[in-house]
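**Student:** Chain residues, written in single-letter form:
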Amino acid sequence: MPKQKNPFWSFFASVYLTIILLVFTVVLSIVGTLIPQQDAAREFAKGIPPGLASFLQTMQVFDLFHSVWLFLLMLLLSMNLIVCSLNRWPLTWKQFRGAPFSGEEGLFRGLSPECIFLCDKDVGIMTGRLEGLLNRKYQKISKSEEKEDTVIICGERGRYSRFAVYVVHLSLLLLIRGALTGAFWGWEGYVNIGEGETADAIDLKGGKGAKTLPFTIRCDKFIVAFYENGAPKTYRSDLTFLKDNKMLYQGPLLVNHPISLEGVRVYQASYGSSPDGRASLAFYRGGKEGKIIKVGPGESFSLPEKEGTVQIVRLEENLMQMGPAAKILVRSGQGEVSFWVFLHIDKIREMNPGVTEQVPMFNPALFKPYLFVLKGIEERYYTGLQVSSDPGAPLVAAAAVLMMVGLIGTFFSSHRRIWIKIQPAGEKTKISVAARTNKHPVVLDREVRQLTEQIKVSLEKEST
Amino acid sequence: MTNTMILSWVTFLYFGAFVFYLFRLVFGREFWGKAACYAVLGGLGAHTLGLLLRWQESYALGIGHAPLSNFYESLIFFAWTVVTLYIIVEWRIKNRSLGVFVLPVAFLLMAFASLAPNISDRIQPLVPALQSNWLTSHVVTCFMGYAAFTVAFAIGIMYFLRDIPLFGFIPEADILDELIYQNAVLGFVFLTLGILTGSVWAHYAWGSYWSWDPKETWSLITWLIYAVMLHARYVRGWKGKRMAVLAIIGFVAVLFTYLGVNYLPGLHSYLQS
Ligand code: HEM
Numbered sequence: 001m002p003k004q005k006n007p008f009w010s011f012f013a014s015v016y017l018t019i020i021l022l023v024f025t026v027v028l029s030i031v032g033t034l035i036p037q038q039d040a041a042r043e044f045a046k047g048i049p050p051g052l053a054s055f056l057q058t059m060q061v062f063d064l065f066h067s068v069w070l071f072l073l074m075l076l077l078s079m080n081l082i083v084c085s086l087n088r089w090p091l092t093w094k095q096f097r098g099a100p101f102s103g104e105e106g107l108f109r110g111l112s113p114e115c116i117f118l119c120d121k122d123v124g125i126m127t128g129r130l131e132g133l134l135n136r137k138y139q140k141i142s143k144s145e146e147k148e149d150t151v152i153i154c155g156e157r158g159r160y161s162r163f164a165v166y167v168v169h170l171s172l173l174l175l176i177r178g179a180l181t182g183a184f185w186g187w188e189g190y191v192n193i194g195e196g197e198t199a200d201a202i203d204l205k206g207g208k209g210a211k212t213l214p215f216t217i218r219c220d221k222f223i224v225a226f227y228e229n230g231a232p233k234t235y236r237s238d239l240t241f242l243k244d245n246k247m248l249y250q251g252p253l254l255v256n257h258p259i260s261l262e263g264v265r266v267y268q269a270s271y272g273s274s275p276d277g278r279a280s281l282a283f284y285r286g287g288k289e290g291k292i293i294k295v296g297p298g299e300s301f302s303l304p305e306k307e308g309t310v311q312i313v314r315l316e317e318n319l320m321q322m323g324p325a326a327k328i329l330v331r332s333g334q335g336e337v338s339f340w341v342f343l344h345i346d347k348i349r350e351m352n353p354g355v356t357e358q359v360p361m362f363n364p365a366l367f368k369p370y371l372f373v374l375k376g377i378e379e380r381y382y383t384g385l386q387v388s389s390d391p392g393a394p395l396v397a398a399a400a401v402l403m404m405v406g407l408i409g410t411f412f413s414s415h416r417r418i419w420i421k422i423q424p425a426g427e428k429t430k431i432s433v434a435a436r437t438n439k440h441p442v443v444l445d446r447e448v449r450q451l452t453e454q455i456k457v458s459l460e461k462e463s464t
Numbered sequence: 001m002t003n004t005m006i007l008s009w010v011t012f013l014y015f016g017a018f019v020f021y022l023f024r025l026v027f028g029r030e031f032w033g034k035a036a037c038y039a040v041l042g043g044l045g046a047h048t049l050g051l052l053l054r055w056q057e058s059y060a061l062g063i064g065h066a067p068l069s070n071f072y073e074s075l076i077f078f079a080w081t082v083v084t085l086y087i088i089v090e091w092r093i094k095n096r097s098l099g100v101f102v103l104p105v106a107f108l109l110m111a112f113a114s115l116a117p118n119i120s121d122r123i124q125p126l127v128p129a130l131q132s133n134w135l136t137s138h139v140v141t142c143f144m145g146y147a148a149f150t151v152a153f154a155i156g157i158m159y160f161l162r163d164i165p166l167f168g169f170i171p172e173a174d175i176l177d178e179l180i181y182q183n184a185v186l187g188f189v190f191l192t193l194g195i196l197t198g199s200v201w202a203h204y205a206w207g208s209y210w211s212w213d214p215k216e217t218w219s220l221i222t223w224l225i226y227a228v229m230l231h232a233r234y235v236r237g238w239k240g241k242r243m244a245v246l247a248i249i250g251f252v253a254v255l256f257t258y259l260g261v262n263y264l265p266g267l268h269s270y271l272q273s
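Just so you know, the sequences run in chain order A and B.
The first sequence lines up with residues 1 to 464 when you count with the working numbering.
The second sequence lines up with residues 1 to 273 when you count with the working numbering.
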């Protein structure tokens, strides 16, 4: 082939190159797992000499999996694959199209004795019978009449498996293409949305700034359920997606079940609670219970008979290890007083007798004649969403399917051909069986043995 | 829990099988080979039963899931796939000398699962991200791959021991070579399937089909090593010792993928629990 004279072509047509590139990829990957990458690399870089750190930084060693090196390796591998496949294609095509009786010189030379035997029937009868036998296991049967009454019949199987390697390699090309598409045009980030709040932008991963989404996400509700051991069992957010004030989609989002909209995928990634929820506050006046009021930080309500107004100034999940507490400010004709109201006030009193007298700030009855009781702080959940877009993903998915098909074709099937020569030998007829395969000779041997057994058995049955 | 009790008995059965395989060699009597084979079959039966019971018990606890979710369960399942594959190979090649090399692996896996102090054999509930059928297919296919690589590794070791007179019982080099190749192929196909199903799961659970976390990266490394091995054979016609060496190198990568990366941070470190 003239093409092979071209040094560029022969460089990429070499399987040594493939092996070297694969080994390089292995080495790069190992280094990438041993040296901290991306965010972790920042910490690591502080612990080594600054000169070395900046050298490694320039060489992109701190982000090997998105580096020029990996990109180059993948590019070279792709070229290698393409050139190799093109180079090989004419041969494969020839073998695929190959007529059953050409190019198989010396097919019947050096056969093992088990593959040759004699019988009494004449050539015509045996030909018909053996054709029938081959027909059962092989797809394509052809026949050629040779000189001196000799007939050769050929059965063939798995012709298409010759293409399976190309399918595997094509799938790899697709995979690399898809991965690069994702790396260049894909993005990924996070956003936390409190219940009742909306967001239309996310924080890109790796400190790459923010990105505005093509829609607005509102978190209507967040629900989480726990196992007895405290681990989360399920959680979900009820979301509404809006665009130009019109609703695009509304529905629950669960872990493992992302929502896909306008090329953007939204995942339930995490959750949390923030203490800026609302306090449930009850008050007693002279021992008589008033109603329970829900107030958020900064909000206020008035006491009956205009005796004053109460404002929540702070809410703490856990104040000085004493549990949830609300700091309130009461304004009245007598002036302003401010003190803490605890959820577990009884327990606190028990553990520190007299504390409410010694520390007026902790006395819930400081504003007379009222007594305030914290019934609880409503936790306000926020949902943690991961938002991403990967235009390469469909390519990668197609590549995955192709790869499995190709691998199964490559490893578990082969192109097998069997020839049976039937020729007169004096009074008798001589039968010889020959076979060829492109791989798995062991499997073929077994098949040939079975076939010859079958022929012998059927002949014996008749002669008795 | 009954299942853990059964599973710890299985450990002893596998150890017994190993000893019997050893006796077969030392005394040269097929009686011991048969005894070993029965011990393996009995062990495998009990092992299967133990796994099924564990599965059922998890439902009884109200947190039903396939027993494939923590480190203990993965070790037990790994041992199960290794022994299952071994039985198939023994039956196909009609030769019992492989047992001396494979059974210790199964025994060690089981013993490690039962005895290591920081491995909990409790049935634990699954956090939401792990509640996925893709995860189950991912784990099953990966461990089938690992099992095939383990058998290929054991045969690779046999290949080198053949030269020592003491080990005259080891089959022909050609047979070993073919077995290494077949198991490497089987492992490669399953590992590929394992990586692909893992990516599908990651795509649904983590928002990206591939995120270069250490376990992912090491599975890719393993995959590439076996790809090199298969190419060397297909295209350059490598056989015998070289294939045995690659089977051993590949297995080191498998071990690192399975255990080593737990010492590196990443998504998959839930296996540490
Ligand atoms: C990872 C990237 C891969 C690259 C760059 C690659 C490249 C190559 C190259 C250059 C050849 C030589 C073709 C020739 O002889 O002209 C080849 C052959 C082959 N490759 Fe790959 N390959 C890759 C992955 C795979 C995988 C994963 C398989 C798994 C089945 C595979 C199976 C084969 C087979 C069976 C052959 C022999 C083809 C034949 O002789 O007909 N390759 N590969």
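Since the hints were derived computationally from the structure, they do not count as laboratory data.
Do not take every clue at face value.
[Stated by the list, open to error] Using 27 Å as the maximum straight-line C-alpha spacing, the simulated DSSO-like pairs for lysine-lysine come out as follows: (1) A:K439 x B:K34; (2) A:K94 x A:K46; (3) B:K94 x B:K239; (4) A:K243 x A:K205; (5) A:K221 x A:K211; (6) A:K439 x B:K241; (7) B:K34 x B:K239; (8) A:K439 x B:K94; (9) A:K143 x A:K375.
[As the list claims (entries may be wrong)] Here chain A is said to cover these stretches of chain B; the calculated rule only asks that three of the stretch's residues, wherever they fall, bring their Cβ under 8 Å from a Cβ of chain A: (10) 85-99; (11) 113-121.
Each residue gets a CB set at the ideal place from its N, CA and C atoms; glycine is no exception.
**Student:** Could you run down the list of hints and mark each one as holding or not?
**Tutor:** Hints, verified against the model:
Pair hint A:K439 plus B:K34 does not hold up; C-alpha atoms about 35 Å apart against a cutoff of 27 Å. The straight-line distance between the Cα atoms of A:K94 and A:K46 is roughly 61 Å, outside the 27 Å bound, and the hint therefore fails. Under the criterion of a C-alpha separation no larger than 27 Å, the hint pairing B:K94 with B:K239 is consistent with the structure, at around 23 Å. For the proposed pair A:K243 and A:K205, the alpha carbon gap of about 24 Å is at most 27 Å, so the pair holds.
A distance of roughly 24 Å separates the Cα atoms of A:K221 and A:K211; the hinted pair therefore holds under the 27 Å criterion. Restraint check for A:K439 and B:K241: the C-alpha separation of about 20 Å stays at or below 27 Å, so the hint holds. Under the criterion of a C-alpha separation no larger than 27 Å, the hint pairing B:K34 with B:K239 is inconsistent with the structure, at around 32 Å. Distance hint between A:K439 and B:K94 is fulfilled; the C-alpha atoms sit about 23 Å from each other, no more than 27 Å.
Only pairs whose Cα atoms come within 27 Å are accepted, and A:K143 paired with A:K375 is rejected, the gap being roughly 94 Å. Coverage of the stretch 85-99 of chain B by chain A is violated. Counting CB-CB distances below 8 Å, 0 residues qualify, and the rule asks for three or more. Interface restraint, the stretch 113-121 of chain B with chain A: violated (0 residues with C-beta to C-beta distance below 8 Å; minimum three).
Going through the hint list in order, the structure does not satisfy hints 1, 2, 7, 9, 10 and 11.
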